[in-house]
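Chains A and B are the protein sequences, given in the same order.
Under the numbering used here, the residues of the first sequence are numbered 1 to 465, in order.
Under the numbering used here, the residues of the second sequence are numbered 1001 to 1348, in order.
Hints were generated in silico from the structure; no laboratory data involved.
On a predicted model such as this, the values are computed, not experimentally measured, just so you know.
Some chain A residues judged to face chain B by a derived CB distance under 7 Å, without partners named:
hint, residue
1, R20
2, L183
3, D184
4, A436
Computed far set for chain A versus chain B, every beta-carbon distance over 10 Å:
hint, residue
5, F93
6, G96
7, R273
The C-beta atom is built at its ideal place from N, Cα and C for all residues, glycine as well.
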Amino acid sequence: MLFNSFTFPVFLAVGWAVYRLLHTRRLPRLLWLVLISAFFYGCWKPWYLLLIAVSTLHSYHAGWRIDRSDDPGVRKRWLILGIAGDLLLLGIFKYGNFFLETGEILSGATLPRIPAELPVGISFYTFQTLSYTIDLYMGRIQRSKSLLSFTTYVFFFPQLVAGPIVRAREFLPQLEEGGRPRLDKAALGEGIFLILAGLFKKMVLADMLAARIVYPFFDAPANKNTAEALVALWAANFQVYCDFSGYSDVAIGAALLFGFVLPQNFDRPFWSRTPMEHWRRWHISLSTWLKDYLYIPLGGSRKGDLRTDFNLGMTFLLGGLWHGAGWTFVVWGLYNGLLLAGWRRWGPREAKTPLGIALSVFATFNAICFGLVFLHTPNFSEAMAAFGSLFSPTQAMTPGLLNPVGLGFLAFAAALHFTPQSWKTTLKDGFAASPAWALGISIVLVGGVLSLFAGLARPFFYFQF
Amino acid sequence: MNGTTRHGLQIIAVAFAACLLLNLLVERAGLKYVQGVIWPTDLPAFAQLPSEPIDVAVFGSSRASFALPPDGLDFCLSETLGRPTNTVNLARTFATAYDAEVVVRDLLDDNPPEVLVLAVGAEFVDEYNHQFSAGLAAHAGVADIPTNLAHARGLSDVFAAIFPIGRGAESAALYLSGRYDNEARLTWMMIHHGGGQFCYGNTPCERQNKAYEKLLSDRWDAVSANVLPTLREDRYEPYLVGDGQVHDGLLALLDWARARDVQVAFVKLPMHGDFQEGIPRSVRQSFTAYIDAIAEEHGAIVYDGHNRDYRTNRRWYLDPDHLNADGAKRFTKTVCRKVLAPMLGGGE
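Pulled out of the complex, with its shape left as it was, chain B reads as follows (with noise of 0.2 Å):
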């Protein structure tokens, strides 16, 4: 080996060694969720989640975000149970039992909720979701990178798997340079309202929301357009459950939730019919059947809020399967009504 080669390989060590080291640093600091700001869960209010006991903390995706607005639930659970609640929503995109067993390890060990909602859909729990990757490369820590890779499928699961040797030195200079707080509306969202896209019980929420949906007028042609066609081949085909990184995550996450006596409910979500239509019969009934069958295991609530109404009524979305603020309003009393506050020890 020459002095070249030897000299360029130095470089690589240094490099290497460096981005350990500063992961570590950053994760030891507790900012490993400085990310790029794509969610209001992205930012790292995610460590500034109330020190109080936490009564609800939702996990999910998008679909999830919008549906269950986090101060909606504690309107509506204070005023059935007759004490203030304490929720959170933190639902990410794309997110899959996976990533929500890795938040939930990272940020509730110390303070769990007593009641975990999973709000669901079939790609929640599917082992090849077309964004598994993304989601790894967001929570994976470096001490997962063997496993990852292990598990890996594909080259975008490879580099997802060795990504968090990179991160710290994005999140440094994320959180150095305030980068990752500078989304006003979305750190507003998660620091004072617990998450979620919308926010309720005053003018300027409702100002807000109407704004936010205003800007996403388009939402619903642009997907019918560009999602819907391809759908079942994006996201569908294949189709797995019940084996592999997104179960192993899924049963950590319950196994997790029983050994602090944590309540869980799975809350399946409403799309429209346009959106459904593009899931494969097949897909629904495995995702079906196993989410029965290990809620029954691990006796935890399923609860189904798709409806006829929601199925057709194009009136509470912004797009076939993210709900807007009239829906996620109508929807977030539903599931509070039916399913929290039962589980709180109040209402029906």
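Isolated chain A, as found in the complex (with noise of 0.2 Å):
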């Protein structure tokens, strides 16, 4: 089930209702919650919902082997079958095709495929579950005490399809005898905010941006002028940052409905003076979670200069592969981890002045939207020929591409980011204060609004005979 689809304020408003009529007694609450959550996530394919319920119960498992034994031979081998369950599913499911299609290419033999296809939110899932096992063994988190609670924290329909990752320290907590998730009026109005904002972020901006600039331009990036090529990148940069931190809102709003608190995932990104600040502010949830379980383990940036930029660069690559299983997303990565590796080398000292601030923010931006190339692109030489077009100042215009309605939305966006966040709070509490008949009436009225831009996203949408 689509947060941006009818069915989804439905879904909330009745497993809300029942929810909030269960919500004094911890079991019947919880088993609404993992009752709902399937569902939402079986509407998609119900199969899925035995792949999920098998790494549920394989990392409870895991950790509770972990947690039961003194020895640290035994706790070791169940941190490393932990781990290796879920990265097997994970490599299955989202990684096997990749894998053998590239071995056909290196082989040249003839390899079978895995007839199905990634299912939505593995990759967000495993990383909490890993999470999970990794935390037990290292006794930064008390084991689980209920598998409920625990099939909760992973099922919990907010956040399992495409985040923010929830760590389990975090998020058990709030499900533990005790830790009945409180809600009052004011976070009731704000979880509500926070859904329409992020609805609006996502179909309104990132699905306009999407179909009167960012697509336009990259289903055929070769021979484009390079201003075009330039406002692409900038409004393909907006694109994914609308798409991806609205509905980082809508998973934040609706937790919150159900009285449970989730990690900021994006703190105005570009806002960012350098590439490592960038990647603090955008995703914080993955970012944070590659560092602690990733770059620190590899020994982070204490072992001198040259095992710094490795650990930047092997981070990265493996975050460009969590990303899409393609070679593309691996560049994507690498290209981030050079950047970072040689910003923090030979970049810029931090700007002081409001020009050099600026200049700062600017350059980071641009950097980043460089590598949205291998994000845009299927290929290799499609990603060329769109650094090609960056490169073609006096190549001719193509009619149409940027057109007033596209830049008008990516002039919006871009304002929206760079408003000042107090006045969004003042706005937010305006609105969670505000009485249920204009909250009601609200939700009608942004709704009607937002289904204007239902699909835009398609631009002939009629052709779907």
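Each chain sits in its own coordinate frame; assemble them with the hints.
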């Protein structure tokens, strides 16, 4: 089930109303959460539920084995088994065909394919279960005493499909006995605000940018003018931001309605003055996950410059691969790793003057934009074509590519992003404090406006006969 | 129940009530069909149907929208009958008899046509039509919700059944923003040519038809690659006629026609052999038997437009089950001469 579908508000209203009737008793409350989350997820493909159930049971079992033993060897064995099991599922369903295709190219032999598509959300919930097993082994968290709590943690629908990647130590305490989720009217209003704002970002800004500028450019990136390529990359950066941060806002808002707090996932990333800062503000739950479970265990920045460069490169390379099973994702990850390593060593010192800050922000934004070429193109020849266009100032402009509507939405998205946080907070607090009738009518009105943009990402909607 | 729960339930109740009220207002204002633009007949130009008597109204799915251009029919009928005629094509994507009945009731009650053409394929009468829930969501009213919930066979039917609650907000926003008529080509097709995908009679029309075909030039390959391989499982398994909401819709439609002395013609549309092969023989037999029986019972005419040439000749098609402009021109002429002109008192 998609957040931006008609079914979601109906699901949310029914799910919430029953949840509130049950919320004083832990067992029915959690059972209901698992049930509606399974329904939410099963709406894609029912067999996905089998996969997530296996992952949940496996991780819970591994955690139980780690917890009950004092023998370091046994604990380590179960840590490895726990991690291997999760990675095996991810490896088969996300990377299986990628490895087979690569093997086919290298060996020249014809290899079979795995006859299943990528299950939605597997990358997210696998990282959650991995964090549980590792944190338990490291003694950072207590074992979840209840399989139901742990299942709720993995299945919880707002974050199940696209994050934020919630750590067990952040979420499990909210589920355990005595940790009853608290909800007041202000939080309720805030949750609704975040959902509506997130949907606006996704359905209006991201989809409009995609339909008006990003797709028209990346569908045929060759032989475009420098200005067109540059604006398309800026638009692509804002599109991905509005899409993903919008989704995160909906997830955080929906969780809030049920009394749960999910971590912030984006912190106005385009204010960043360095690529390092950008990755601290962008997809924060993934960045911190990679830092804690990959970069630091590899040695972080503690083992000299060369090793730090290697660690950065490796972390971002695997981060790229996490985003998608393809060589363009690997190169995108590697590009960002090298960018960070290079900037760390040879980049400009932190700017102090307003002009210096503005230049740093602009340079960082563009450096991130260049990497996006690899995320938006299916193969290297298309990527090279896009880069070629970036350096073609004399190329004739393509009529309609830089259209006023697309540019208007790009300006709007930028203005929204760079708006002071205090203004947004004032708006959110004002909305949250509104009476029930105002909130109810707002939902309907905003819903109507959002419906105008449903399906815009498809340029010729009526061709689907 | 604590204050927060009460507050939340109040919000839900207000939102629900506002949706219902808005939907009621929208339908009262004649804006029910201001929906997302998918097809010419989705436009509010529905409300701009001609006030003068309608000779022929065509219903069916996208296949009918392509196959029977209304001005092509008018051109031929006027020539044959020696008087101007007035045809509209109200076919909609994936429409079933259920959808047609609702549209007829909504839009033609005050101005019934002389002939109702049900341009059909096997899916039009299939109770398990794979897009039935989309039709339900597009056409059903708030009053239909209990019935449709009772008939729901799955979750998509349940959500489609309750969709009319939210449709008013969508329609109002579409109307107020002007988005409903921003698709210039579609608006033009509906207002100036009574619907359908192609038009005839002047150079701009021909030019537009060609441009449209060019735009869809990859349709044949796309459908062959993406639709045909799983056609049987996706659209015809299971297949059921004669018992359910679609059947009830067809009976109501025929009763409506009889009560208003409207003649009815079932026109079976052509499709290429590549597509036809994906329809199981048992489905074709059920469909034929069902249409023949119901037509006989209600005094309707059945015309089978499918023949060997259409089965084998790719030149008439955009894709294996949608005619192109030349195919539509040819088929229109045949239907005009063999079916409609005699029903309207002239021709063969």
